[in-house]
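Undergrad: Chain by chain, the residues run as shown.
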Amino acid sequence: MHLPLVLPPVVTGWLLLITFGVRGPVGALLHDWFGIRLVFTTAGASLACGVMIFPIMVRAIRLSFEAADPGLEQAARTLGAGRLDRLFTITLPLASPGILVGGIVAYATCLGEFGAVITFAASIPGETQTLPLAIYAALQVPGGEAKAAQLSLVSITLALTGLLLSEWFAKRLNAMLGR
Amino acid sequence: MSLSIHLRHAFPSISLDVTFEAPTPGVTALFGPSGAGKSTIIAAAAGLLRPDACRIAVDGRVLGDTAAGVWLPPERRRIGLVFQDARLFPHMSVANNLRYGMRRAEPGPIQFDEIIALLGIEALLARRPHTLSGGERQRVAIGRALLAQPRLLLMDEPLASLDAPRKAEILPFLTRLKTTLRLPVLYVTHALDEVNRLADSVVLIDQGRVVGAGALADIATRADLPFAQRDDAGALLHCEVAGHDAGRELTRLSGGGVTFLVPLLDLPLGSRVRVRIPAREITLAGKAPESISMHNMITGTVRRIAREGARRSAMVEIALPDGALLSRVTPDAIGNLGLVEGGPVLALIKSTAIEVLGA
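These protein sequences, in sequence, are chains A and B.
To convert, note that position 92 of the first sequence is 92 in the numbering used here; the numbers rise steadily by one, no gaps.
To convert, note that position 138 of the second sequence is 138 in the numbering used here; the numbers rise steadily by one, no gaps.
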């Protein structure tokens, strides 16, 4: 599950390509039965991003669950709360700051995804082109520096906003929980 | 009606084997040193720990019986548990904490407004747990447990994490709860003052075994049990306010089949109070002295004389018509007075040495 974290993104993209390509084992089924094609589509770009951020999300969620005080769950049990009831009223709310911050970081990572997307979904402007892909494309064209600079500014702004937002949220939520 | 517990469980460091029965409703104190196994009994009663073998029943309702293969999970036991650390849910307001168990229980006799009034937490309802003091938190935790309409309330050293003033702030609330809600309570503590104020019966636990069990008044005056071997040992009597003498600023209390005089109390006639008389405050005499400041001269019978080797003293159990007193004296004094078991004795008690503990 943590493989995409350590694997070069291009390799992840290539593995997706041979699995979900129209001739791949999963891709062929999707294409023949449902008429769904993932390669070189927006959905494909999303899938590539999803696979890349999956380990980040899992890690964030697991850490916040592990940090939850088991004593509170015990207290909820003695008050008559069953397993699902406890999950939704105690465990999830207490883990929410960690999950939310994980989500924001994952979203920012998605915006910056390069290798896996270009391999699996190519770089089609307006469809599968992520910000770094657009910046790279701009740099390949003579006189594209200005456009690359603009796009980089957008990228930096998004990254900073994401970072500040996640800090602010975590602080607010933790203050609410008295931590 | 009764609460009956039999439990056997082996930990790596200690093995637990306890059996006791306690009358319900009423407060039963599990008393003993830390590590004696008290909290394990609570955890098993709550269903949070499954012992090797056990049978736990409240008023005939079986909560767990390993021999019969019965084991109700905690959420279906209808048991309130108050932890040493209040364990309030930090993401909920005090009001929502209080309603957590209430919403999940069938409506019962315990009312929301009644409980917040009894515990004095009306002003805290909108607050968050982390803004409360330790004492306030514990009061909310008690309220939360009670509002789940429990059939048995378990309290695991609820006051142990509080300093003396906070403790003094909560004890009156607990006394009020005890008299208002007629609920079986199992109360774990290693503090004698909590036992004296709250308990009706006591189970003494030491190293995983029951060393004594019974009504508090009886257990307190048994010189052979650890209760009476403490420095602050003393008798406990349930008394009734029998009369006031405003002129002499004295109140007459009747209990144990005798009458005591204590400094004037601001209580109506017929009020029930607990009275504690420390063993070191009782002077023994063979016959009544002629002129003395002590108001209380009580005739009793020597029930037992127990030597306390290390202290170079002796504990004398004095039987009253309906109860007993304890007096700690030197062995020399026993010789001088010629005290023998079964013989008469006069117990002299200063009115000011009698502690009136409230209802």
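No lab work stands behind these hints, which were simulated from the structure alone.
You may find that some hints are simply not true.
Claimed, not checked - What the simulated footprint calls covered on chain B by chain A, stretch by stretch (three residues with Cβ under 8 Å from a Cβ of chain A suffice, anywhere in the stretch; the number is not a length):
| id | segment |
| --- | --- |
| 1 | 123-136 |
| 2 | 143-156 |
| 3 | 223-236 |
| 4 | 269-279 |
Unchecked claim - Here are some chain A residues pointing at chain B (derived, C-beta under 10 Å):
| id | residue |
| --- | --- |
| 5 | 75 |
| 6 | 87 |
| 7 | 89 |
| 8 | 173 |
Unchecked claim - A short list of chain B residues far from chain A (calculated; beta carbon distances all over 10 Å):
| id | residue |
| --- | --- |
| 9 | 35 |
| 10 | 39 |
| 11 | 87 |
| 12 | 91 |
| 13 | 215 |
For each residue, glycine too, the CB sits at the ideal point set by N, CA and C.
Undergrad: Take the hints in turn and mark each one as holding or not.
TA: These are the hints, each one checked on the structure:
| no. | hint | result |
| --- | --- | --- |
| 1 | 123-136 | holds (count 4) |
| 2 | 143-156 | holds (count 3) |
| 3 | 223-236 | violated (count 0) |
| 4 | 269-279 | violated (count 0) |
| 5 | 75 | holds (4 Å) |
| 6 | 87 | violated (13 Å) |
| 7 | 89 | holds (8 Å) |
| 8 | 173 | holds (9 Å) |
| 9 | 35 | holds (20 Å) |
| 10 | 39 | holds (13 Å) |
| 11 | 87 | violated (4 Å) |
| 12 | 91 | violated (5 Å) |
| 13 | 215 | holds (29 Å) |
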